[in-house]
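Trainee: Sequence:
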Amino acid sequence: MKSEAQKANLKNRWKRVINHLCAWTFALALAVTFYTYPWSWVMDRRVAKLGTENIVMSFDSWAKAPHKNGKIPVNTLPLDLASLKPVGAIKRDDGLYLVLKAFFVEESGIFVENPDRSTARELHTDPSFVRLGPRVYRYRIKG
Numbered sequence: 389m390k391s392e393a394q395k396a397n398l399k400n401r402w403k404r405v406i407n408h409l410c411a412w413t414f415a416l417a418l419a420v421t422f423y424t425y426p427w428s429w430v431m432d433r434r435v436a437k438l439g440t441e442n443i444v445m446s447f448d449s450w451a452k453a454p455h456k457n458g459k460i461p462v463n464t465l466p467l468d469l470a471s472l473k474p475v476g477a478i479k480r481d482d483g484l485y486l487v488l489k490a491f492f493v494e495e496s497g498i499f500v501e502n503p504d505r506s507t508a509r510e511l512h513t514d515p516s517f518v519r520l521g522p523r524v525y526r527y528r529i530k531g
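For what it's worth, the working numbering labels the leading residue of the sequence shown as 389, then goes sequentially.
In case anyone wonders, no lab produced these hints; they're calculated from the structure.
From a predicted model like this one, the values you see are computed outputs, not experimental measurements.
Be a bit skeptical, because a hint or two may be false.
Derived DSSO-like pairs (lysine-lysine); straight-line CA-CA distance at most 27 angstroms [as the list claims (entries may be wrong)]: (1) K473 with K452; (2) K479 with K459; (3) K473 with K489; (4) K399 with K452; (5) K456 with K473; (6) K456 with K403; (7) K403 with K473; (8) K489 with K459; (9) K456 with K479; (10) K437 with K452; (11) K390 with K456; (12) K479 with K489; (13) K473 with K459; (14) K479 with K403; (15) K403 with K437; (16) K437 with K479; (17) K390 with K403; (18) K390 with K437; (19) K473 with K437; (20) K399 with K437; (21) K459 with K530.
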């Protein structure tokens, strides 16, 4: 049989284990919430600081050289576009997607539209677009 002191010691150990599990669960939930928050205001601020005109001019000068559709190495982008701190870049027929945040299948960033591929961009679609200036949009793909 266990003595009263052993029972109390075991009970205290279980309390500490449960407290640690609760703390780790809370920390994990807080980290996931922080990381998945849209942070669209950060993107808007970066674009406003650089200016949509500069983004469009940099894209137009970069797009004059032939680039294949698909993933583009970030270090090959012009300095103005690289100053937006993208984690990735994808060129498609409709323009350039600068990925500023990606989490599993969700992705968000800045989209610069090709001048000859102008189409209507909508907010409540997937991907959704918010116009920041002429030919510059904030986009979000929910996956």
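Trainee: Can you give the numbers of the hints that this structure goes against, from lowest to highest?
Mentor: Of the numbered hints given earlier, those the structure breaks are 4, 6, 7, 11, 14, 15, 18 and 20, listed in rising order.
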